[in-house]
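Number of protein chains: 6
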Amino acid sequence: MYIKEFSEGLRISENLLVTQVIKGVSNSGQNYLTIGFQDKSGRIDGKIWDINDHDYHLFQTGEVLNVVADVLDYRGQLQLKVISVRPMTIGQYNLEDLTISSKIPLETLKERLQAFIDGIKDKEIHRLVSELMTRHYDKFVLYPAASRNHHEYVSGLLEHTLSMANLAKMVASNYEDIDTDLLIAGVLLHDVGKTIELSGPIATKYTVAGKLIGHISLMSAEVLKVAEEIGIEGEVPILLTHMVLSHHGKMEFGSPVVPMIKEAIILSMIDDLDAKIKMVEKALDETEVGGFSQRLWALDNNVLYKPSKRD
Amino acid sequence: MYIKEFSEGLRISENLLVTQVIKGVSNSGQNYLTIGFQDKSGRIDGKIWDINDHDYHLFQTGEVLNVVADVLDYRGQLQLKVISVRPMTIGQYNLEDLTISSKIPLETLKERLQAFIDGIKDKEIHRLVSELMTRHYDKFVLYPAASRNHHEYVSGLLEHTLSMANLAKMVASNYEDIDTDLLIAGVLLHDVGKTIELSGPIATKYTVAGKLIGHISLMSAEVLKVAEEIGIEGEVPILLTHMVLSHHGKMEFGSPVVPMIKEAIILSMIDDLDAKIKMVEKALDETEVGGFSQRLWALDNNVLYKPSKRD
Amino acid sequence: MYIKEFSEGLRISENLLVTQVIKGVSNSGQNYLTIGFQDKSGRIDGKIWDINDHDYHLFQTGEVLNVVADVLDYRGQLQLKVISVRPMTIGQYNLEDLTISSKIPLETLKERLQAFIDGIKDKEIHRLVSELMTRHYDKFVLYPAASRNHHEYVSGLLEHTLSMANLAKMVASNYEDIDTDLLIAGVLLHDVGKTIELSGPIATKYTVAGKLIGHISLMSAEVLKVAEEIGIEGEVPILLTHMVLSHHGKMEFGSPVVPMIKEAIILSMIDDLDAKIKMVEKALDETEVGGFSQRLWALDNNVLYKPSKRD
Amino acid sequence: MYIKEFSEGLRISENLLVTQVIKGVSNSGQNYLTIGFQDKSGRIDGKIWDINDHDYHLFQTGEVLNVVADVLDYRGQLQLKVISVRPMTIGQYNLEDLTISSKIPLETLKERLQAFIDGIKDKEIHRLVSELMTRHYDKFVLYPAASRNHHEYVSGLLEHTLSMANLAKMVASNYEDIDTDLLIAGVLLHDVGKTIELSGPIATKYTVAGKLIGHISLMSAEVLKVAEEIGIEGEVPILLTHMVLSHHGKMEFGSPVVPMIKEAIILSMIDDLDAKIKMVEKALDETEVGGFSQRLWALDNNVLYKPSKRD
Amino acid sequence: MYIKEFSEGLRISENLLVTQVIKGVSNSGQNYLTIGFQDKSGRIDGKIWDINDHDYHLFQTGEVLNVVADVLDYRGQLQLKVISVRPMTIGQYNLEDLTISSKIPLETLKERLQAFIDGIKDKEIHRLVSELMTRHYDKFVLYPAASRNHHEYVSGLLEHTLSMANLAKMVASNYEDIDTDLLIAGVLLHDVGKTIELSGPIATKYTVAGKLIGHISLMSAEVLKVAEEIGIEGEVPILLTHMVLSHHGKMEFGSPVVPMIKEAIILSMIDDLDAKIKMVEKALDETEVGGFSQRLWALDNNVLYKPSKRD
Amino acid sequence: MYIKEFSEGLRISENLLVTQVIKGVSNSGQNYLTIGFQDKSGRIDGKIWDINDHDYHLFQTGEVLNVVADVLDYRGQLQLKVISVRPMTIGQYNLEDLTISSKIPLETLKERLQAFIDGIKDKEIHRLVSELMTRHYDKFVLYPAASRNHHEYVSGLLEHTLSMANLAKMVASNYEDIDTDLLIAGVLLHDVGKTIELSGPIATKYTVAGKLIGHISLMSAEVLKVAEEIGIEGEVPILLTHMVLSHHGKMEFGSPVVPMIKEAIILSMIDDLDAKIKMVEKALDETEVGGFSQRLWALDNNVLYKPSKRD
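Respectively, the protein sequence lines represent chains X, L, H, Y, B and P. The number in my numbering is simply the position in the first sequence, starting from 1, with 12 added. The number in my numbering is simply the position in the second sequence, starting from 1, with 12 added. The number in my numbering is simply the position in the third sequence, starting from 1, with 12 added. The number in my numbering is simply the position in the fourth sequence, starting from 1, with 12 added. The number in my numbering is simply the position in the fifth sequence, starting from 1, with 12 added. The number in my numbering is simply the position in the sixth sequence, starting from 1, with 12 added.
Hints should not be assumed to be uniformly reliable.
[Unchecked claim] Here are the computed lysine-lysine pairs in the DSSO-like style, where the Cα-Cα straight-line distance is at most 27 Å:
1. P:Lys151 / P:Lys52
2. B:Lys217 / H:Lys294
3. B:Lys288 / P:Lys288
4. X:Lys321 / H:Lys217
The hints are simulated quantities; they were obtained by calculation from the structure and are not laboratory data. On a predicted model such as this, the values are computed, not experimentally measured, just so you know.
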């Protein structure tokens, strides 16, 4: 049974991936652990009580455990009360069953990416984008777009990038005089720095360089360096670096410069649009029809309403 | 010759529409008038010096004058130094030559509007949108979207609405589970209140109700009233009123509620996107290649860069 | 014994109204409920542990229960540890003993309201206010002004409105040239929309229209509609709508327009004054002499000091 | 003829008080002076052109001149074009004709002040307020409340204080448990520091201590010092100092502490109310019926509307 | 054994000073106390469960107890689970073992202070600073700089003041034309008001005057009063008062005026610098090499990174 | 005669460097130019009237002209009214007489820079700083720190850097455990990107890369690239890049990350301190004793007071 199918009152026994381990002591002085578990269907927190010192080593981020537990409802969210665990070794489980991925097959995503790269007509832009993509390809197609909030799963970064590229193409078609090559290039490159900022596709956290430098500055340095190495000068590297740098839209959101070219303004707006829609979809998934969601920190702490279905 | 063709040093003699009249006295105690002129190609300010009291009445907003003037460069912008004027009566000029309109023919715009209305499948939404459109049709198809900033010309409101409807359809196609009927209805209705807020398609200013109540509240009241009159109850009028009310996205921008449904969030974001792109286009029109624009108040006071053309 | 008289260590057995029910699971996996109880003297939270599934139905918002419980001190606030409950049916209790009302008798409040309406000399304003009052009278005289914060009890809305009307009259008497009719009318109408925004006088929460549209826009639509229906045109409906819309004083507080007439500025300031004084009274009630209150979210998160009594 | 009666096109010859002198050079290199003139009816700016070096000394703040000048309309405001001036000596003019004062006779204001002081029942508060009033009386009854914005005329400070004291009494009567003695004392003392902050009743500007320390800190130090000198200890001096310090309501408005007692909250709100109403009255005085005022910096840069008179 | 040496799993029995007592009731209705303990090496929280009413009196802020307890790890921080306590009387413990002090001997700090005072060459400034120091000396040399955040220990105020005086002297040496006497005087006096704002060197909290008036206004009043008493007039008291008032740098941080003289600007910046460095040192003390600290409220809620040691 | 010696009423005839040219038309339709002139003693604006088209070419940024002009006082600032100009060719003037430079000889500045580089003990940091300095040396020692505000003259960037390095060393000496090598390296590198951001040492403006990318991102990319090229890995390049990126202290000031290591916090604070002191010195230079400066945009729009000299 997958996590998505768990319901209050069940006793489950399943292979689960450990994504987080937090030690605690209860008010009454009891030791316990809060464990983040996941399988391919979703995530669930668990609590394990009265844990012995020699059992701590079983719970490590990245391990796979066979977990026997009761499913409880804790403040409106399901939670596991862990009864026992047994470590599983490779071969005893199928990693694909335990990781959350984009719903779109990776091959499809890769083909779409290639189509967007191939569609860039300007030779310099095409060459620079191709080179940067080649250098970061392996990680770029597998990383999540974030450690939480939106697209926080395997290949989420690629899925987010392609959704934005679709929007970019549509927006460009609605106006005259948009430099589609520049816009698409900016979309494809804007978040590639996340492959350095984040630790990996599973149990994702920030690297030291990720926190101290950030994906925006890591990627803008990369664009300037690679342009120099492959001999592209003039405005193209400046414009693409500007798009990477400015894509958070405002300085207080971590962009050291605000968007000053039309395509950079569009890039920052469709990035915001795609991320917001994904966060809204996720929040409404957990909201009942005719009800209001929890407050969403990433949406200015507002709540969402889920309308009734009309006939 | 049209205003767009004026250049420094010319003496012109043309029929022009008066859109604004401001009295002034120079440092040296001289009376003068600053006049806003327009024809179908654009706008230009003029100065007239040493004006007699009995000439003031010639200069009235909405009048058409035959103007003889010298074209000067004043701080980087062309300006008229008016030498003499002669009032023109209807028949002596063609009003279409003097008003700025959407570049798209009105009939085309009207057909596109009808297509969007016809495309709404939900019966209640369709009936409510149709009724509201019918009641405000004559003004809605002619008014500008604003007195300045963006789409500030005849049928600008309709053009802005249709551009947003295009974007809405595209965005809806990029995601699952967007209620397209609701989204399109929200787009079509969101700014209809401007037909009450603004004075008319030419020499546009705010009405008293426009300033004291505002298009957002005027239209939300209209949606609730008409729904009641034609007997539509339940969530549909609430949701559409919510979309009208929340389309400025934040309370500090004049929306009394923030968007709380997915379609309202999308509406406010594509409204912002379409307006920003139009303002950027306008600012770049007046910027030379490789140069920076003036600071743009409506874009957080930032400047824009106009990239060089690539081969 | 009334809630106000409960003290730590007592075992009580009283009829109480259920105003809120929240399910929980303790750290140790135990099911429990947090119940909001009230009688006419005040409110108290209770906890009930190890609840069986077939007992959940006993706890419903709006039910009256005979509760046996121990009174505990939990973080400086009294709380009930519920031992057993018995459902009471109508006839077994007196609803007036269980609801919190304005301390002023309802008849007195109604008379004062009528006097203010009668005092309006301008015929159009009088007619519009009378009509709106008549249409919303039954709810207006019973609803609270809010679900919490201030005047959060039966007829609290009316009490708040009349306190403001008193202040309005006094302020008008201190200055020349204040339009008292307009000011009093604005005071009487400004919060009538709360009769649509809130669910009712007891166990009050927000309705869907209340959250998605809000009392400000609901009432401004009502003013415009009713003025149209009874044939009042010109500035009066615009000015009254403006007063309703702007009474929160700033756009970031949910007013789509800021106050632009003198009477609207005064209205928003005395609304703020009356609400603040009520919140301060309530916070000081729970503070000991010579001590500081808790931080008050609605007062910019500040604390209050309760001075010692002087001889 | 008084300034209030000047109209465009007149040549006037009147005694006027000089309140401000600013040197200038025109674009064409011409020397000129901008002079602030006033008489008891109001204020007007004047320009004098082609001034000789030996004439500069005639124009000194505080001097009275007989001015011959033409009245012009400069950007919607009347202005003097000065033709000649003649210095007047004491005896040649009546100072009362040249200074703007409260419309209420000084004796009346003084009596009202005394009545408020006499009405304080608490002995310590009465003694402290009396002593502070005695020490600052001469200046307190003549100073303006500000150099501009509101109550910016002789005895304006006293008039503002008494208007607030009236409001304070009214507000106190509308609620239970307000410490009227404390509130009235706070009102009377809150702005006394302006007698040190400002230079005097005529041609008022800030003193160095006024700018570097400010009336809030100057007066709070005075309250603490005088209480110590006359032997009042305990909470009374602390509470009154707190009311003086916190009367701007927020730290960003220059109060080093926010109001933390009920009476201090009321004090800061009625200070704001009285000042705002006065600024609104002043702005509407200069606005035509059915029109909008200039933007008012002190009212969050908003405009005001002046409604049409109803029958 | 000192608190700094406690580790998880130990059972300790030590004399500890009680600095804070908070009553609580657990979810399951159990009474408990949270006690703040300290000795000269640091601070630790403790919990005591199932406490009887007649034991409450043992736990009073300022008491010394012999505590038997188990050391637990609670959410990453050590905590005591108290088993039993025994009250200790003077003579049974050494107060110096129980209070946290500056690491620099008090005599050294006092000598450094005297040297800075002696170094002031301007006679008026020297006389005013000496007088103020003499009046507040006993408390000034023992008080902490704050109840928490930074320099929150015995003589912390003096240590902070001297560290700033060192910085002031260095900064003055790096530029021309800095008035060192004024700057050093401002540094020495700026926080003396904390001797009135805070309750004392041990178990420090805010006094009523401290909260309602604050150290900034208390000290500025003191400077003005003492200058008057010892007959110093002119700019010196104004400038020093200004430095005290403005040392928080911005109005929103509680300074009623912003720094307007060069030395006041420098004072506010080195105050900020010294406090920030101390807070950073403290946070990094509790962070492991190569790791990130908790979010620091006083540093805009940011985290800190503790770099690895280089060879 | 140098610009610093000009006084009102003089007719001058001097060689001056043109730093800015702005075309204008007066209210009365007259063409004129506003020219920025400078020599080594300072800057002055000039106006030239009734200019012929064939004279425009004489006025080019970077040209040296012999200027005959009258010195006027325009709104409290001296200004030239240009009578005639004569273009000068190289050889007819001495460029050193026409450019403003640091008052410290360039050789002295270079020696101090070398001493700071030599003082870095950590081998990796020393190698990376040396390499970066070598690559940018020629521009780094000549560029200004800004186009205006502070250190806006030849070698101003180097002077600012060295003043900060002095402060850094002093601050490090006042605390334990500051990594002086890292701090000094951060100081030396933090603004090197200005050599790409700005156009050059004379008539300085922003380059396109300067505006679209900015000195912060240009230099952080350079640090990462050069570290890679010379084979330095691990934390050193990350920490130095972090210091460059975070030196504006806050995201809203253009730093994409806030300072997260102790040395980065100190760097951003002494950068702020040195710049502020320089701006204050400059503003006070133009203020009379006992008077207040103009509002300073870069100091939160505050004014400064220049105290009287004490004996």
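Structure-based check of all given hints:
1. Pair hint Lys151 (chain P) plus Lys52 (chain P) holds up; C-alpha atoms about 20 Å apart against a cutoff of 27 Å.
2. Only pairs whose Cα atoms come within 27 Å are accepted, and Lys217 (chain B) paired with Lys294 (chain H) is accepted, the gap being roughly 26 Å.
3. Between Lys288 (chain B) and Lys288 (chain P), the direct Cα distance comes to roughly 19 Å. Compliance with the 27 Å bound is thereby established for this hinted pair.
4. Note on Lys321 (chain X) and Lys217 (chain H): the hinted pairing holds, with a Cα-Cα distance of about 23 Å set against a maximum of 27 Å.
Of the numbered hints stated above, none is contradicted by the structure.
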